[in-house]
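Engineer: So the chains spell out like this:
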Amino acid sequence: MSPQLAEAFARLPAYLGGHVAVSVTALILGLAISLPLALLATRRPGLRNLLLGTASVVQTIPSLALLALFYPLLLGLAALCERLFGAGFSALGFLPSVLALTLYSMLPVLRNTITGLNGVDAAIKEAALGVGMTQRQSLAMVELPLALPVIMAGIRTAAIWVIGAATLSTPIGQTSLGNYIFTGLQTQNWVFVLFGCAAAAAFALLVDQLLALMEAGLMRRKRVWVTAGGLGLLLLTIGALIPTLSQPRATYTIGTKPFTEQYVLASLIEQQLRDAGFSAATREGLGSSVIFNALRAGEIDAYVDYSGTIWTNQMHRNDVKPRAEVLAEMAAWLDREHKIKVLGGLGFENAYALAMPRARAQALGIRSLAELAGRAQSLSIAGDYEFFGRPEWAAVRKTYGINFREHRQMQPEFMYSAAVSGEVDVIAGYTSDGRIAQFDLAVLDDPRHAIPPYDAVLLISPQRINDEALLNALRPLVDAIDVTVMRTANLRAASASPSEAAHWLWTEIQKKR
Amino acid sequence: MGTAPAVISFDNVSKSYGGAAPVLDGVSLEVREREFLAIVGPSGSGKTTLLRLVNRLIDPTAGTVRVEDQDVRSIDAINLRRRIGYVFQGIGLFPHMTVAENIAITPKLLDWDEARMNARVDTLLELVRLDRQKHRDRFPAQLSGGEGQRVGVARAIAAEPKIVLMDEPFGALDPLTRDALGEDYRRLHESLGLTSVMITHDMLEALLLADRIAVMRAGRVVAEGTPQELMSREQDGYVRELMATPRRQAERLNALTQRSAPSPRA
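So the protein lines, in turn, are chains H and G. Going by my numbering, the first residue of the first sequence is number 19, and it counts up by one from there. Going by my numbering, the first residue of the second sequence is number 1257, and it counts up by one from there.
Same shape as in the complex, but just chain H (with noise of 0.2 Å):
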């Protein structure tokens, strides 16, 4: 078995179980809410109209932004609790995926039943009325059984349905089979990306076709069927959550961004943590404002930012000043607007840069964005999904007076190789990326110091910020890692593994000493 398809297996039991617990509790939550509205709407028309409209509305709202907008709203809400009884609750991860996916799962459920139930034959719920039945021995006795296939069909969807999207649960914190897809397709690690689909489908699979097990039974009264059906369900449940459940908590829990170097230092941390005899846990791929917010409610105990981010997007500085000085400032910002210490800078930078291939490069004669000014509006530039909405761009833009002729977003992964291909002229890459090297490309000056220097910097949660043991065992990896060490480890964590990475990063560190 190759290396990764081995890491890939042995990931399962963790992120399996989270993707199970989520799904799962969504689905039971989602069929518990829209089954008995969907009872109330049959017979009232307006209920129904309002119900089935709002479920679509939510149903166009992308999945990944509907996950998304519950992570602040529970936020605030946590906040607020905190504020009015003295006890909040975790905002990240598992709570706001399970109420996104509860309302992603409640379309399917309330329109197959309502037109289900809207469907039996007027004349046999007169009948059902004519021998003697109740409301509700009518709708218990003859309707739900006769638009079970219907209701069945709807339930099924949901649940293929939520199964599928809470892959997307990963940015958010929750741990999924997300997580494969999510890191697979950082570190170009495809076999972790088909992985993470065959498992969330096969996963999707099975769950349908027990119930579909279970709904002939009831079509055909094999009580058994129905049964089996269920048994299967609660034992596949079951099954999948018994790692997760029967895992001690681990003593501290580490944050990554959705990016490779992430995953390393994330993966450097952890191995710190372990060799000083504390159990580590990682909450990957989160977004960047989700992250800072994690760490400041101490969901996160630990993670790596990068002294430009926090200085734009969390201080809302426009100003750029040396390293050193925006170091200084963050640190004592941090600490005294959130309790949050700064433990130290790992010793490089992974700014924003505007880089194009060298040979290009020099034809054009741009070495400086000043020079590539003159040029732009002939070029197309690449970024990731952040870099076109962030403050420094529009400090490139203004400072340069730079326009290009056009703007894409892309995946990092796919943007180096655009840039190599000639699909973009400019992509605005990453100091530490090893691709850079790795393709040759030229990162052009920045002379007016429209990009803020990014520090890596480690940070720790205000809960921890006197937990002497965290911080001596996190202490080694201060100011200890060069760009191009780090440039080298990521390249190597693309190619093998971001745990093998981080083995040979602190190989390199201890040689150092």
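It is possible that some hints are incorrect.
As the list claims (entries may be wrong) - Keeping only pairs whose Cα atoms sit at most 27 Å apart, straight-line, the calculated DSSO-like set for lysine-lysine is:
id: 1; chain 1: G; residue 1: Lys1418; chain 2: H; residue 2: Lys143
id: 2; chain 1: G; residue 1: Lys1390; chain 2: H; residue 2: Lys240
id: 3; chain 1: H; residue 1: Lys416; chain 2: H; residue 2: Lys339
id: 4; chain 1: G; residue 1: Lys1364; chain 2: H; residue 2: Lys143
Please keep in mind that the hints were generated in silico from the structure rather than gathered at the bench.
Following the hints, complete the assembly by docking chain G onto the known chain H.
Structural biologist: Using the frame of chain H, we list chain G on its own:
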């Protein structure tokens, strides 16, 4: 028969929906104990509405409906329906239930015990001339039209009601089956001492099965009487027209039988 007490009575009953012309317009009618009343009239004349008033599938806009001397509005609709048999237009069997379950539905709602229900199903299958072994566990889709309507009749009388209401029970059947079923029902009516009200648009069926016939048109009862009375009495234009068809059919059949049979005078 004329002295028997009224089991069902309609007293100046009207029913209208919104501002449209009333479906029923001041109907007064009595059904006496053990009587077989047929209600005849064209579609839209208010026959089905009148029938539904009896077991409170609908309530009248004005007037009073009495069942066994009680205003139906003072009786709980569910209990009322459970003690009145109802045979629906087009069959109306529950497609997801077996023949036995369909028949036993009202007894089940009345909480009969299992043994009593089973015995009752067997008795009823015999009464409506269905094969116990062959039909008991079939589903309605597996029955012929005639078999289905026999189950419908069995279901209506399962909880031993005194009153049976039938809405065009034999309308969709072929003539042979229809005839046999009508005869069979008439026998049940006699032997069980039922009071029956049957809606039909077929005057010949009404004449052959019923003790008394009420003719409806545009929400009113325009004539009522025994088959003999309706056939002989001087009638207004509409009723005369209605009676003309069976009379002509009878005359033609008569002529046919006389022509084909060896004539005694020859």
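Engineer: Does each hint fit the structure? Answer for all of them.
Structural biologist: How the hints compare with the structure:
no., hint, result
1, G:Lys1418 - H:Lys143, "24 Å, holds"
2, G:Lys1390 - H:Lys240, "21 Å, holds"
3, H:Lys416 - H:Lys339, "17 Å, holds"
4, G:Lys1364 - H:Lys143, "18 Å, holds"
Comparing the model with each earlier hint shows no violations; every hint is respected.
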